[in-house]
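In order, the protein sequences belong to chains Y and L. For the first sequence, this note's numbering begins at 1 and goes up steadily by one. For the second sequence, this note's numbering begins at 1 and goes up steadily by one.
Every clue listed holds true.
If several chains are the same, the list does not tell them apart, and a pair holds so long as it fits within one copy or across any two.
Restricting the straight-line Cα-Cα distance to at most 25 Å, the calculated cross-link-like pairs of lysine to any residue (SDA-like) are: (1) Lys98 / Gln122; (2) Lys98 / Ser131; (3) Lys139 / His90; (4) Lys320 / Leu119; (5) Lys139 / Ala120; (6) Lys98 / Leu119; (7) Lys98 / Ser132; (8) Lys98 / Glu116; (9) Lys139 / Gln15; (10) Lys320 / Ala120; (11) Lys320 / Gly294; (12) Lys320 / Val82; (13) Lys272 / Glu353; (14) Lys320 / Glu65; (15) Lys139 / Pro44; (16) Lys98 / Phe130; (17) Lys320 / Gly45; (18) Lys320 / Ala84; (19) Lys98 / Gly45; (20) Lys320 / Gly88; (21) Lys98 / Glu46; (22) Lys320 / Glu116; (23) Lys139 / Gly88; (24) Lys98 / Ser16; (25) Lys98 / Ala13; (26) Lys320 / His90; (27) Lys320 / Glu46.
It is worth saying that the hints were derived from the structure and are not from the lab.
There are 2 protein chains.
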Amino acid sequence: MTSSTLYGERLSAVQSELGRCSASLLVVGLSSSMRYLTGFTDEPGERLLVLLIPREGEPGFVVPELYAEQVLTATGLARNFVWADHEGSHHALAAALKDVARWPGPVLVEESLWSEFLLACQRALPQHAFSSATPILAKLRMRKDAHEVELLRRAGAIADEAFRRVLETPFAGRTEIEIAAALADAMRDAGADGTAFEPLVASGPAAALPHYRAGGRRIARGDVVILDYGCRTGGYRSDISRTVVCGEPSREIRAAHDAVRDAQQRAVNAVKPGVAAEEIDRTARDALTSRGLGDRFIHRTGHGVGLDIHEPPYIVAGNKTLLEPGMVFSVEPGVYFPERFGVRIEDVVVVSESGSVPMTAATHELLIVG
Amino acid sequence: MTSSTLYGERLSAVQSELGRCSASLLVVGLSSSMRYLTGFTDEPGERLLVLLIPREGEPGFVVPELYAEQVLTATGLARNFVWADHEGSHHALAAALKDVARWPGPVLVEESLWSEFLLACQRALPQHAFSSATPILAKLRMRKDAHEVELLRRAGAIADEAFRRVLETPFAGRTEIEIAAALADAMRDAGADGTAFEPLVASGPAAALPHYRAGGRRIARGDVVILDYGCRTGGYRSDISRTVVCGEPSREIRAAHDAVRDAQQRAVNAVKPGVAAEEIDRTARDALTSRGLGDRFIHRTGHGVGLDIHEPPYIVAGNKTLLEPGMVFSVEPGVYFPERFGVRIEDVVVVSESGSVPMTAATHELLIVG
Numbered sequence: 001m002t003s004s005t006l007y008g009e010r011l012s013a014v015q016s017e018l019g020r021c022s023a024s025l026l027v028v029g030l031s032s033s034m035r036y037l038t039g040f041t042d043e044p045g046e047r048l049l050v051l052l053i054p055r056e057g058e059p060g061f062v063v064p065e066l067y068a069e070q071v072l073t074a075t076g077l078a079r080n081f082v083w084a085d086h087e088g089s090h091h092a093l094a095a096a097l098k099d100v101a102r103w104p105g106p107v108l109v110e111e112s113l114w115s116e117f118l119l120a121c122q123r124a125l126p127q128h129a130f131s132s133a134t135p136i137l138a139k140l141r142m143r144k145d146a147h148e149v150e151l152l153r154r155a156g157a158i159a160d161e162a163f164r165r166v167l168e169t170p171f172a173g174r175t176e177i178e179i180a181a182a183l184a185d186a187m188r189d190a191g192a193d194g195t196a197f198e199p200l201v202a203s204g205p206a207a208a209l210p211h212y213r214a215g216g217r218r219i220a221r222g223d224v225v226i227l228d229y230g231c232r233t234g235g236y237r238s239d240i241s242r243t244v245v246c247g248e249p250s251r252e253i254r255a256a257h258d259a260v261r262d263a264q265q266r267a268v269n270a271v272k273p274g275v276a277a278e279e280i281d282r283t284a285r286d287a288l289t290s291r292g293l294g295d296r297f298i299h300r301t302g303h304g305v306g307l308d309i310h311e312p313p314y315i316v317a318g319n320k321t322l323l324e325p326g327m328v329f330s331v332e333p334g335v336y337f338p339e340r341f342g343v344r345i346e347d348v349v350v351v352s353e354s355g356s357v358p359m360t361a362a363t364h365e366l367l368i369v370g
Numbered sequence: 001m002t003s004s005t006l007y008g009e010r011l012s013a014v015q016s017e018l019g020r021c022s023a024s025l026l027v028v029g030l031s032s033s034m035r036y037l038t039g040f041t042d043e044p045g046e047r048l049l050v051l052l053i054p055r056e057g058e059p060g061f062v063v064p065e066l067y068a069e070q071v072l073t074a075t076g077l078a079r080n081f082v083w084a085d086h087e088g089s090h091h092a093l094a095a096a097l098k099d100v101a102r103w104p105g106p107v108l109v110e111e112s113l114w115s116e117f118l119l120a121c122q123r124a125l126p127q128h129a130f131s132s133a134t135p136i137l138a139k140l141r142m143r144k145d146a147h148e149v150e151l152l153r154r155a156g157a158i159a160d161e162a163f164r165r166v167l168e169t170p171f172a173g174r175t176e177i178e179i180a181a182a183l184a185d186a187m188r189d190a191g192a193d194g195t196a197f198e199p200l201v202a203s204g205p206a207a208a209l210p211h212y213r214a215g216g217r218r219i220a221r222g223d224v225v226i227l228d229y230g231c232r233t234g235g236y237r238s239d240i241s242r243t244v245v246c247g248e249p250s251r252e253i254r255a256a257h258d259a260v261r262d263a264q265q266r267a268v269n270a271v272k273p274g275v276a277a278e279e280i281d282r283t284a285r286d287a288l289t290s291r292g293l294g295d296r297f298i299h300r301t302g303h304g305v306g307l308d309i310h311e312p313p314y315i316v317a318g319n320k321t322l323l324e325p326g327m328v329f330s331v332e333p334g335v336y337f338p339e340r341f342g343v344r345i346e347d348v349v350v351v352s353e354s355g356s357v358p359m360t361a362a363t364h365e366l367l368i369v370g
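Using the sequences and the hints, build the whole thing.
Right, here's the structure in full:
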């Protein structure tokens, strides 16, 4: 399939969904969804650049002049409204919305579109209701095709290789930031386009903070260290967490690691088509609760992974989405002991016809690093 | 001044502005403005995390449980509404907004807040109007204090050092991506926290695309190469563009470079307190027009630089903002010849009492690289 056919099919699928829910149009900012639908995106910024997809007819962009040629070349879409820096985007946006908003139904908005631009759309279309496009975009993006899975697999293999490489040098005496940089370098050397997110290296008490990044702290004997990182290849991302210990672990650390490892494996084993996303979360949570650690597991079990590092389906209580082949998400239970340590183990898996296949293969053993 | 005093003063200044424009409250997502006002931020994501600043009284966060401790420790703000993954953010947001939206005036929204979260706020406060917070946030953030200028200066010095380093190795035969990586590495080695944005290395015909990034193209003799890059130090950014040529330049390339260099210098020389931002744009544009290149200059002359790489004041036709000491922005005219080459020269300057001071000092000569 040529890429223009691929994007044409995805745009048609969006338009079918817009018809099904009687929406007027979809507004997409610079985001992974723009890339998914057209092959083009860039970092979001203060210059308004949006893709407008009407329920019927040709999609087009409202685009700053200095992007116009790039957008046309990259996407082949030509129903564009171009604005120059000295004019501002106001008139181009109003003209474009007037041109495409020909139905009374709601205007759907891609989730990460800047509020500044949503407010401008609302001013231009005061009679329309606005609501989230996440349900229809998630529906289309959640099931990955074979090419997407291949890119995700490659990104996972690079993360595995970086784990092997980073273990070649002792941790003691190095800072978290140094180890984060070593992971990033190893992934680039192994062919990554870049990191999937700023690598997280949390040592000692910081390992008890699930969303700590990496700091200037030097790793010392006795520290537990959580590594949580991934890379991008062709836009698709990997995400892996492993917990290691610098020197001999205490019994408590071993017990926590055993519990998380068991919970993670049980949750992965529970993945198959037809099971609700929340069931995977419950499986991990029940396993930790049975060992008295349920209240130490203070986050959801996982999140979808694709062009975004966090995307649907979320593996969380209340999410009744039934798993289907091609869905890709992380399974990453963890336990956190404030001001002392934490443990997390994470693999991304793709749902297969009968179960799941992990994207990363690094050992789940508790590794002792120097 | 302790940092908590600094943030307290900035929050008070916001509240004064909210009172002045009779607004009810300000909603700030994970962004540079959150960092500016509280010292805390992170990458924006799908979990709702917003700072709510009422016109009067204590500000607070709506915050996911797994960030709650970090946010409290980093900011000292305690009027927080915490939500857990299994609950979702809906109730916490509604309760928080009800608690702080005690006035009938509009709710102001920080520009980059995700639309998904603005829609949620609009559902929770159906009686309130919503509008952009950019005017009041820009007013506060545009004038940098001495500490901010020092960080910007340091970021500029690192960019200069990277330019010196990247010229040590011939360009011919290397790819754009390799040179972009060399710039990023040189900045990290020189003490940067990271890049200010993905470095732009545009060679040959790609140099005619102002917003091209860097690709797999190998640089060859005869190519013009635009380097446009910068770094972060303590959150503040640098931004520099230089145009070099691989081998002997043609007369046409020399003439274009001379014209841009002259236009850039004239524009920088025009910077002083009391001059309108649009005047700086006009100065650069008139200089290029006088050489018959006005229609080749297809973007604004510059943008403010600070915690964001693009922020007010924008140096563009129609912007009547009067320059004040402490304002920091780029001056970066360029000319573009589609499918052939382009030239851009950029420095960031800070407005002083009587003129301006550049943050970067790398030569403006047309350098010939191997």
